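Student: Once you've looked at the hints, dock chain B against the given chain A.
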Amino acid sequence: MDILIQHLNKSYGPQKAVDDISFEVKTGEILGFLGPNGAGKTTTMKMITGYLPMDLGDVLIGGQSVKTGALKKQIGYLPENNPLYLDMPVMDYLAFCAAIQGVPHSAIANRVLDMVQVCGLGAEKHKRIRELSKGYRQRVGLAQAMIHDPAVLILDEPTTGLDPNQIVEIRELIRKLGQEKTVILSTHILPEVEATCDRILIINKGKIVADGAPATLRKQAQGRQVLQIRLEDAGVEDARQALASLPGVSAVEISNPSELRFDVQSHPEHLSNREIFELCVQRKWILAEMIPLETKLEDVFRDLTVN
Amino acid sequence: MKPAWIIAKRELNAYFDSLIAYFIIVLFLAFSGFFTWLAGNGDIFFRKQADLNVFFGVAKWTLFFFIPALTMRQLAEEKKTGTIELLLTKAVTDRQVVLGKFLSCFLMVAITLALTLPYYITITYLGKVDHGAIWSGYLGLLLLSAAYISIGLFASSITSNQIVAFLLALSIGIFFQFLFEVIAGGMTGFIGELFSTLSLSMHFESISRGVIDSKDLIYFLSIVVLGLYLSEISISKR
Chain A
0 MDILIQHLNK SYGPQKAVDD ISFEVKTGEI LGFLGPNGAG KTTTMKMITG
50 YLPMDLGDVL IGGQSVKTGA LKKQIGYLPE NNPLYLDMPV MDYLAFCAAI
100 QGVPHSAIAN RVLDMVQVCG LGAEKHKRIR ELSKGYRQRV GLAQAMIHDP
150 AVLILDEPTT GLDPNQIVEI RELIRKLGQE KTVILSTHIL PEVEATCDRI
200 LIINKGKIVA DGAPATLRKQ AQGRQVLQIR LEDAGVEDAR QALASLPGVS
250 AVEISNPSEL RFDVQSHPEH LSNREIFELC VQRKWILAEM IPLETKLEDV
300 FRDLTVN
Chain B
0 MKPAWIIAKR ELNAYFDSLI AYFIIVLFLA FSGFFTWLAG NGDIFFRKQA
50 DLNVFFGVAK WTLFFFIPAL TMRQLAEEKK TGTIELLLTK AVTDRQVVLG
100 KFLSCFLMVA ITLALTLPYY ITITYLGKVD HGAIWSGYLG LLLLSAAYIS
150 IGLFASSITS NQIVAFLLAL SIGIFFQFLF EVIAGGMTGF IGELFSTLSL
200 SMHFESISRG VIDSKDLIYF LSIVVLGLYL SEISISKR
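In order, the protein sequences belong to chains A and B.
No gaps in the numbering here: position 118 of the first sequence is 117 in numbering that gives the first Met the number 0, and each next residue is one more.
No gaps in the numbering here: position 169 of the second sequence is 168 in numbering that gives the first Met the number 0, and each next residue is one more.
Just chain A, same shape as in the assembly:
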């Protein structure tokens, strides 16, 4: 089911938490929701689930407004701090969630076992949730969100508290689910978005500041090429001047004089790999390293959200 978010607004007193946000998520898409703390991620997600009322605007899922409350069965939600009934055994808790989400009585036991298997809870299934480690609690949280096989999954920081192996497993699980469901997940772990999401939405101070595939965003922010090179058999000052005088190069910085390392920045829309190589051939310098510096998603994020 597609999610359509139209002019969403929410204020807490005088402070605007969400300021006229509109976007769309298609079925089979995994949307990564990024933003610094307090940007309005959680508020937006709570409004999508219908938990928080919105001041203005609407959220349509499959063409129907969440305000009616009729869509709750279509949504699986994992809240931020993963609140669970700690006194309940895992199996009982999942069965309760399934029953309340309207899973038919005869199907509950099977759904619970499925989820236990999918989320890797086999060894812990008879323990009380209180006795589980944070990572396993997170898995229980994921399991309860998916137990009724919802068309839409809203996951607020799904991988917090997991160890690196578990993070990889959960990412794979989300990717697998994302093929047929609509997934919105929020995080501030940037490699996670690159690994899992088809599309990134960065919000800051309640407004959308970037929207696109991870690669597209990186390219947008990149603008000009930066090459890190290391030479041998050359003089530092001599090399710097020669590099700076190349037509495609806009700036040269000596990053390590003793190792003859330079950062070479090209003019916009210009690649200077070829010129540098030819210069080295001409001067009989050895071009020991030439590494294109990619703009990292971290930089994109920082550029857009620090001001």
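Cross-link-like lysine to aspartate or glutamate pairs, in silico, DMTMM-like; alpha carbons within 20 Å at most: (1) B:K8 to A:D91; (2) B:K236 to A:D54; (3) B:K79 to B:D93; (4) A:K204 to A:D19; (5) A:K124 to A:D91; (6) A:K66 to B:E231; (7) A:K124 to B:D16; (8) A:K126 to B:E10; (9) A:K66 to B:E84; (10) B:K1 to A:D91; (11) A:K72 to B:E84.
Derived by calculation from the structure, the hints in this document are not laboratory data.
Since we're looking at a predicted model, the values are computed, not measured.
Tutor: Okay, now just chain B, sitting in the frame of chain A:
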């Protein structure tokens, strides 16, 4: 209505899973049993009458203190741990959540009261029993419990602190249990009449004497409906 029942079952299981249920049952039976049979001055053997009026009088006060202990965690705890968010984003309405919580407490009280039925059986051996009065006494206790449960749920819905919820439920309850009657005693005319109508004890006593009047039923049901309605409004504010 099914979701409310699912919630009620979960809450009831939670009472029996922790020790709360057993603790309350044992304490209730100990208190009411002691004052009904053993206290000497004022107990059944002292009165030499085959009725349960002593028990109903004691239970009125025991329930007054125990019910807030049952209801205090219901919504306050969920608000504190954040599980209320998870619960309300599932396929249930705010009303179903409140009804489910109410139902679980009510069943808990009903089970406790059912365990006092041996008292009833015992007095049938002791003398000639007015069965109607006994059953209407139990009905009175159930209605009184329903009223205090809905007051307790309301108290629990406006705070995330269980102790505050407990004390608040008691302080609202004390007006119905006691203070309205006292105020009514000191007033005359319309105001006296008004407070006397508001007093829960007055209505409870008329039922526990065996007189089931529609006025009393309406009184108890209005408290229940009002309490649950206010709880629903309170949790829908977020």
